[in-house]
Amino acid sequence: MRANRLSNRSAAWRRRLAATAAVVLAGVGLAAVNAQPAAAAPPGIPSKATAQAQLNALTVKAEGSMTGYSRDLFPHWITISGTCNTRETVLKRDGTSVVTDSSCAAVSGRWYSPYDGVTWTAASNLDIDHVVPLAEAWRSGANTWSTSQRQSFANDLTRPQLTAVTAGVNRSKGDQDPSTWQPPLSSYRCTYSKMWITVKYGWGLSLQSAEKSALQTMLNTCSS
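Heads up, the sequence shown is in the numbering used here, so the first residue is 633 and it goes up one at a time.
In short, the hints are calculated from the structure, not lab data.
In this text, a Cβ means the ideal position worked out from N, Cα and C, and glycines have one as well.
Heads up, a few of these hints could be off.
Just the calculated beta-carbon pair ranges, DEER-fashion [what the hints assert, rightly or not]:
| id | residue 1 | residue 2 | range |
| --- | --- | --- | --- |
| 1 | I712 | T853 | 30 to 36 Å |
| 2 | S811 | S740 | 37 to 43 Å |
| 3 | G800 | D704 | 36 to 42 Å |
| 4 | T699 | G836 | 16 to 22 Å |
| 5 | A673 | N852 | 17 to 23 Å |
| 6 | D733 | N852 | 25 to 31 Å |
| 7 | S734 | V692 | 47 to 53 Å |
| 8 | G676 | W709 | 19 to 25 Å |
| 9 | V739 | T849 | 22 to 28 Å |
| 10 | I712 | T691 | 28 to 34 Å |
| 11 | S734 | S780 | 37 to 43 Å |
| 12 | Q781 | G676 | 17 to 23 Å |
| 13 | I677 | T699 | 30 to 36 Å |
| 14 | Q848 | I712 | 33 to 39 Å |
Cross-link-like lysine-lysine pairs, in silico, DSBU-like; alpha carbons within 30 Å at most [claimed, not checked]:
| id | residue 1 | residue 2 |
| --- | --- | --- |
| 15 | K844 | K680 |
| 16 | K680 | K724 |
| 17 | K680 | K693 |
| 18 | K844 | K693 |
Could you build the full structure based on these sequences and the hints that come with them?
And the structure:
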C-alpha cells in the first residue's frame, strides 16, 4: 500500500515537472517571437573621428533654391539585380527572414525601424528613406549634376544613404535637414548624424550653418 502511495506521488511529481518544463519552453518560444531583431546597418557608416573630420571639411554656405526641382530628375528604384529594384534590395538587406515572390516583392519578414524603434512584419508599413533627401541634395549642389549622377545618388547602396524605416516617420521628416528634424529615437541620433555627414561628404554636397551645428551636437553624443 505504501509502495503504491509512493508510486502515485512520484508520478504526480513527474507530471508537475513536465508541466513546468512545458511552460518554461513555451515562454522561451514566446520570447523568441517577441524579441526585437537587430537592425541591419546600412554600409559605410564611419567612426566618430572620421565623421568629425568629414564634417570639418564640408563647405558651409546658404542653401540654394528649389527652382527647377523635381523628383523625376532623380530616377530611383531602378533595377539592381534580376527582378529586384532598389527598394526591394534594401528591404531584403534591412529585414530578417525576408521572403520574396517571383517579382522580388517582400511577402513576409520582420523589419526594425531604427528611427523610432518599431518592428514591422509587413513591408507596406515601411518606406525607404533617402537619409539626405533628394530635395535637400538639390539645394546643396545636386542641381548642377547630370541626371546620371542624380540617379546614382538616389539609388546609392554603397553609402548609408538608404534605410528601411516606418513610413509615417519618414513622411514626417520630408526634406528637412537635422536642424529641424532628427530621429524620434534619441539613441539613434549619433548614428544618423554620421550617416548624413558621410553621404554629404562622399557626394560633395554643402551644408548650411544651422545644419552643421545640429550635426555637431548629435555627433558629440557618439562614444565612437
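For this session: Please write out, lowest number first, the hints stated earlier that are contradicted by the structure.
Result: Those not satisfied are hints 3, 6, 9, 11.
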